[in-house]
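Chemist: My request is simple: use the sequences and hints to build the entire structure.
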Amino acid sequence: MSTYKVPTMAEMAANGQSPEVLFWVGCAGSFDERYKAVTQAFVKILNKVGVSFAVLGPEETCTGDPARRAGNEFLFQMQAVGNIQVMNAYDVKKVVTACPHCFNTIKNEYPALGGNYEVIHHSQFLQQLINDGKVRLQGGGEFKGKKITFHDSCFLGRANNVYEAPREVIKALDIELVEMKRCKTKGLCCGAGGAQMFKEPEPGNKDINVERTEEALATGAQAIAVGCPFCLTMMTDGVKNKNREAEVKVYDLAEMVAKDMGI
Amino acid sequence: MSILQQLAFVLILGAAGYILSKRIKFLRRNILLGKTETRNDQPALRWKTMGLVALGQQKMFKRIVPAFLHLLIYVGFLVINLEVLEFVLDGILGTHRLFAPFLGGFYTAAMNMFEFLAVGVLVSCFAFLIRRNVLKVPRLNKPELKGWPAMDANLILVIEIVLMFAILKMNAADQILAERGVGHYVLVGPLFFSGLFHPIFDGFSNSFLIFAERAAWWFHIIGILFFAIYVTYSKHLHIFLAFPNTWYSNLKPKGEMKNMPEVTNEVNMMLGIPVESPAEPPAEIGRFGAKDVNDLSWINVLNAYSCTECGRCTAECPANITGKKLSPRKIMMDVRDRAEEVGKSMDAGGAGFEDGKSLLGDYITKEELNACTSCNACVEACPVNIDPLSIILQMRRYVAMEESGTPAQWNAMFQNMETSFSPWKFSPSDRFNWADKVKESEQ
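Chains C and H, in that order, give the protein sequences. Counting in my numbering, the first sequence runs from 945 upward without gaps. Counting in my numbering, the second sequence runs from 497 upward without gaps.
Think of the hints as simulated: they come from the structure by calculation, not from any bench. Hints may be right or wrong, so weigh each one.
Among the chain C residues that face chain H by a calculated CB cut under 7 angstroms, a handful are [stated by the list, open to error]: (1) CYS971; (2) GLN984; (3) THR1005; (4) ALA1011; (5) ALA1056; (6) TYR1061; (7) GLU1062; (8) CYS1098; (9) GLN1140; (10) ILE1152; (11) THR1163; (12) ALA1167.
DSSO-like, lysine-lysine: derived pairs with alpha carbons at most 27 angstroms apart [said to hold, decoys possible]: (13) LYS1150(C) with LYS638(H); (14) LYS821(H) with LYS1038(C); (15) LYS988(C) with LYS1115(C); (16) LYS1125(C) with LYS821(H); (17) LYS1150(C) with LYS933(H); (18) LYS933(H) with LYS988(C); (19) LYS1143(C) with LYS921(H); (20) LYS1078(C) with LYS988(C); (21) LYS862(H) with LYS1150(C); (22) LYS933(H) with LYS1128(C); (23) LYS921(H) with LYS1130(C); (24) LYS555(H) with LYS1125(C); (25) LYS1128(C) with LYS544(H); (26) LYS1128(C) with LYS638(H); (27) LYS840(H) with LYS521(H); (28) LYS949(C) with LYS544(H); (29) LYS642(H) with LYS1150(C); (30) LYS1150(C) with LYS1193(C); (31) LYS1143(C) with LYS754(H); (32) LYS1090(C) with LYS1203(C); (33) LYS1143(C) with LYS821(H); (34) LYS949(C) with LYS935(H); (35) LYS748(H) with LYS1037(C); (36) LYS1130(C) with LYS632(H); (37) LYS933(H) with LYS992(C); (38) LYS632(H) with LYS1150(C); (39) LYS638(H) with LYS862(H); (40) LYS1193(C) with LYS1125(C).
Beta carbons are placed, not taken as given, at the ideal position from N, Cα and C, and that holds for glycine.
Modeler: What follows is the structure in structure tokens.
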């Protein structure tokens, strides 16, 4: 038995190799205690399937998304241009990321600054692996016979019209998917987008994540699936706010697939 | 029709045309207060978008009840206006039902169709009045509609109801006169809906009926001309502007924020990256982001004038749903109101943009801007593809880069990103630590 490998672009370049795909981990995937588990789960899947991948490791920095959405274009472009220089130096062609904010920024906003890559979200990547038969799901385990609801990330859904890939992954797990009333194009934000993740909400009568969690809980689902680190935090906090954390768990898609694969 | 009536009609028509052309010039100038932006790529897709979204009402059908009622008014408006062509020609030439002899049975069918649509419009307008004022549908009763906007909405519905009644009354009186063989009145054939009014008018004398028919005719045509001018002062402009507005839709992914090339040049110079084309001095010294209407794109202002204040955006806005001050509809109304204010001031030889006021602060507050999650729900919800988010984000750029006025927690996030390349305060050297655990575990 060998251990899991997490090659960096620098190591591969030193050996004269280049991977098929760069796994863009993102700040939440690197630093957030909860989301590190998602990064680890996704890396294990990549190992199991034998995907040729690498990460930037310490060379990665924030894409700049929250700075741009908070209005600080200078800071955004400083981050973006730095990242593009690094990625272009490694001749990166394809990028996969578990963060819809990184996904949106690298895919849609880096081209104007000289960064042109094929960018896909990990839900799309997982769907491809499942469709190609590279990931064989047991359709059982922890989730067997359970109801689950999927919370659309705004930056994946409305921002980039990715609605079906995450749902296909859930269906492949043989789980009953129950939709919230506000789903897909009408999906309600978790409350973290547009740099809201990094400040207290403006005065109002309710927190957005609580509003959204109530809707998710009303479906009777025993788990809430997400495809975004910010949504994961917001929905987990929402479930805690409703004192339901003992029965209702919040998972990222990659974690669910990894669990099903027994890794 | 006497020559005096013809003369009066031509004078009224000319006056209405003159006022309308002045109003169109005013609106055009106001829209072009925004910065130039070229957006005419992919013309085929643009025509298709306009066809589906404006002409085909595609996005209205997300809410089926108002979509159906709105469709009745929309089709009624389009089709009944064909009859206005006959009205205008009759008015100028002094004829009566000019087309009837040429079209024969088809004319009767067309008249019945117009009457059917007129009844459809009546039903819808009553239903809309009830939705606004009795059922008090939440999105139609938000604070930003207090005062003139609510009055404007009700006025439009009442005007349409009155105009439709005028058509039916005119046809009823006209056909009774024709049956009696009075003067030039033409028997069109059985008209179903106005026929229902016959018992009311049957007992009246010919002279009264002629008066009633003429009064309704004049009322209808002057009403339509008045309405055409009124629309230019009203949220109801969407009936025309929805078409150019959807043609100029943003066809890029909704998540993409427009790049600021003026910043890119500076960033490249700071990072020692050779700037490909040496930065030419900008033609005019602009500011970063948007403080006022003239910092926005003309398409943002066109969006504002196309808004009919339906509030579907606000009803879907997560910030608004949870009681925050932000309402995307109010953002659009504010942009339009500010453009109107500046435009009027300029025409009066006043200060224009230099009036000591601005869109930011006097109309839109930072609290509203700061509440946005950039989730695109408002953009998705708009039946005519208005983009409030684009305006919010441009104004946030002004607040951040020109005023350094972002909330303290965002400033802290900026600082983290500058020093540790992450929005959180973690050491960049710890970025790859997550992999340690994975590398130790066996496959």
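Chemist: CA of LYS1128(C) to CA of LYS544(H), is that 27 angstroms or under?
Modeler: Satisfied, since the Cα-Cα distance of roughly 23 angstroms is no more than 27 angstroms.
Chemist: Hey, LYS988(C) versus LYS1115(C), does the alpha-carbon distance stay inside 27 angstroms?
Modeler: holds (21 angstroms)
Chemist: Quick check on ALA1167(C) please, does its C-beta sit within 7 angstroms of some C-beta on chain H?
Modeler: violated (23 angstroms)
Chemist: Next pair to validate is LYS1078(C) with LYS988(C); report whether the Cα-Cα distance is within 27 angstroms.
Modeler: Distance of about 14 angstroms is within 27 angstroms: holds.
Chemist: CYS971(C) was flagged as interface toward chain H. Is the shortest Cβ-Cβ separation under 7 angstroms?
Modeler: holds (4 angstroms)
Chemist: Is LYS1143(C) close enough to LYS821(H), meaning Cα to Cα at most 27 angstroms?
Modeler: holds (16 angstroms)
Chemist: Between the alpha carbons of LYS632(H) and LYS1150(C), is the straight-line distance 27 angstroms or under?
Modeler: Holds, at about 23 angstroms.
Chemist: Hey, does the GLN984(C) contact hint survive, CB to chain H under 7 angstroms?
Modeler: Since chain H brings a Cβ to about 5 angstroms from GLN984(C), closer than 7 angstroms, the hint holds.
Chemist: Between LYS1150(C) and LYS1193(C), is the straight-line Cα distance small enough, at 27 angstroms or below?
Modeler: Satisfied, since the Cα-Cα distance of roughly 22 angstroms is no more than 27 angstroms.
Chemist: For the pair we were handed, LYS921(H) and LYS1130(C), check the Cα-Cα distance against 27 angstroms.
Modeler: violated (34 angstroms)
Chemist: Run the distance test for LYS1128(C) versus LYS638(H): straight-line Cα separation, threshold 27 angstroms.
Modeler: holds (26 angstroms)
Chemist: With 7 angstroms as the cut and Cβ atoms as the points, is GLN1140(C) at the interface with chain H?
Modeler: OK, holds: GLN1140(C) within 7 angstroms of chain H, min 5 angstroms.
Of the numbered hints given earlier, the model fails hints 6, 7, 11, 12, 14, 17, 22, 23 and 28; all others are met.
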